Amino acid sequence: MNFLSHLYTLAMAHPLDTIWTSIGFLGQAVFGIRFLIQWLRSEQVGHSVVPIAFWYVSLAGGLISLAYALHLQAWPLVLGQAMPIPIYARNLYMVLRDRRAPAV
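The numbering used here applies: residue -11 is where the sequence shown begins, and numbers increase by one.
Treat the hints as calculated values from the structure; they're not laboratory data.
Please note that the accuracy of each hint is not assured.
Said to hold, decoys possible - Between beta-carbon pairs, the in silico distance windows are:
{"no.": "1", "residue 1": "20", "residue 2": "77", "range": "16 to 22 Å"}
{"no.": "2", "residue 1": "82", "residue 2": "-1", "range": "47 to 53 Å"}
{"no.": "3", "residue 1": "-9", "residue 2": "87", "range": "49 to 55 Å"}
{"no.": "4", "residue 1": "87", "residue 2": "3", "range": "40 to 46 Å"}
{"no.": "5", "residue 1": "87", "residue 2": "-5", "range": "48 to 54 Å"}
As the structure is a prediction and not an experimental result, all values here were calculated from the model.
C-beta atoms are modelled at their ideal positions from N, C-alpha and C, and glycine is treated no differently.
Let the hints inform the model, and build the full structure from the sequences given.
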């Protein structure tokens, strides 16, 4: 009977609730993919590296997850998602800055 009540609750949910839940899952999926990116790149080169895609995906996943946490008004999650975003952006900036710098 519990299963049927769960199905009924899902059927009666507001469509925006489903969209926001999907956004939450998307944020976690994007954020989780960064480890796969780092692992595969490290396997390619034969030692541990952090590719630039890791920082892009970290920033995107963090921002999506932050939007979801803000929607939920889950302030501990908002704080946990918001704090590392400047670090991801700073690391991305440093990587791009170093790539543009002339070789000495």
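Going through the hints against the structure:
| no. | hint | result |
| --- | --- | --- |
| 1 | 20 with 77: 16 to 22 Å | 20 Å, holds |
| 2 | 82 with -1: 47 to 53 Å | 49 Å, holds |
| 3 | -9 with 87: 49 to 55 Å | 54 Å, holds |
| 4 | 87 with 3: 40 to 46 Å | 43 Å, holds |
| 5 | 87 with -5: 48 to 54 Å | 52 Å, holds |
Figure legend: structure checked against the earlier numbered hints; every hint is met.
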